[in-house]
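Between the sequences and the hints, there should be enough to build the whole structure, so can you do that?
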Amino acid sequence: MRIVVIAVGRLKQGPERELAERYRERFDDLGRKLGFRGLDLHELPESRARDAATRISEEAAAIAALIPDRSVLVCLDERGQNIDSASLAAQIGRWRDEGVPAAVFVIGGADGLSPELRRRAKLGVAFGAATWPHQIVRVLLFEQIYRTATILAGHPYHRA
347 MRIVVIAVGR
357 LKQGPERELA
367 ERYRERFDDL
377 GRKLGFRGLD
387 LHELPESRAR
397 DAATRISEEA
407 AAIAALIPDR
417 SVLVCLDERG
427 QNIDSASLAA
437 QIGRWRDEGV
447 PAAVFVIGGA
457 DGLSPELRRR
467 AKLGVAFGAA
477 TWPHQIVRVL
487 LFEQIYRTAT
497 ILAGHPYHRA
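Using this note's numbering, the letters of the sequence shown map in sequence onto residues 347 to 506.
Simulated from the structure, these hints should not be mistaken for lab results. Treat the hints with caution; some may be incorrect.
To be verified - Pairwise CB distance ranges (calculated):
1. His-388 <-> Asp-443: 19 to 29 Å
2. Asp-397 <-> Asp-443: 24 to 34 Å
3. Glu-444 <-> Asp-386: 16 to 26 Å
4. Gly-384 <-> Arg-356: 14 to 24 Å
5. Asp-397 <-> Glu-371: 35 to 45 Å
6. His-501 <-> Pro-461: 35 to 45 Å
Given the structure is predicted, the values throughout are model-derived calculations rather than measurements. Ideal Cβ placement from N, Cα and C applies to all residues, glycine included.
Following this line, the structure appears as structure tokens:
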């Protein structure tokens, strides 16, 4: 199974990008042994439309074009579940074991994700009730994806 992250907005060079890349590399090293075929990142430019509804719609179309067939969609959304790491790992492990070709995690732009994308999602995930900048959400997501691999591998990184 491939893990795909689609993010509206680009991370500039700096500590956030370096940390996200570190978790991505760690996942790739461990993930291959667990049946994962890598962690792909697609960065999309933010829409420049004048109104929020049009921005959300344009970004949703760009996101939808990158979602592979037969994949499961996971939206990072403030309305999503506050799911613990072990439960997230178990869900990703089930999808892998069921032969799902890809799990696609989507991080929306400043205006959020379209209702249509949220409806299509098999899972909505929130990292708490706070609103986070997309740069931090990406680091948190990559860390949780790496943590998923460590949990599935029985590695001591996750000490819950």
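Original post:
What hints, given by number in increasing order, does this structure fail?
Top reply: Of the numbered hints given earlier, the structure breaks just one, which is hint 2.
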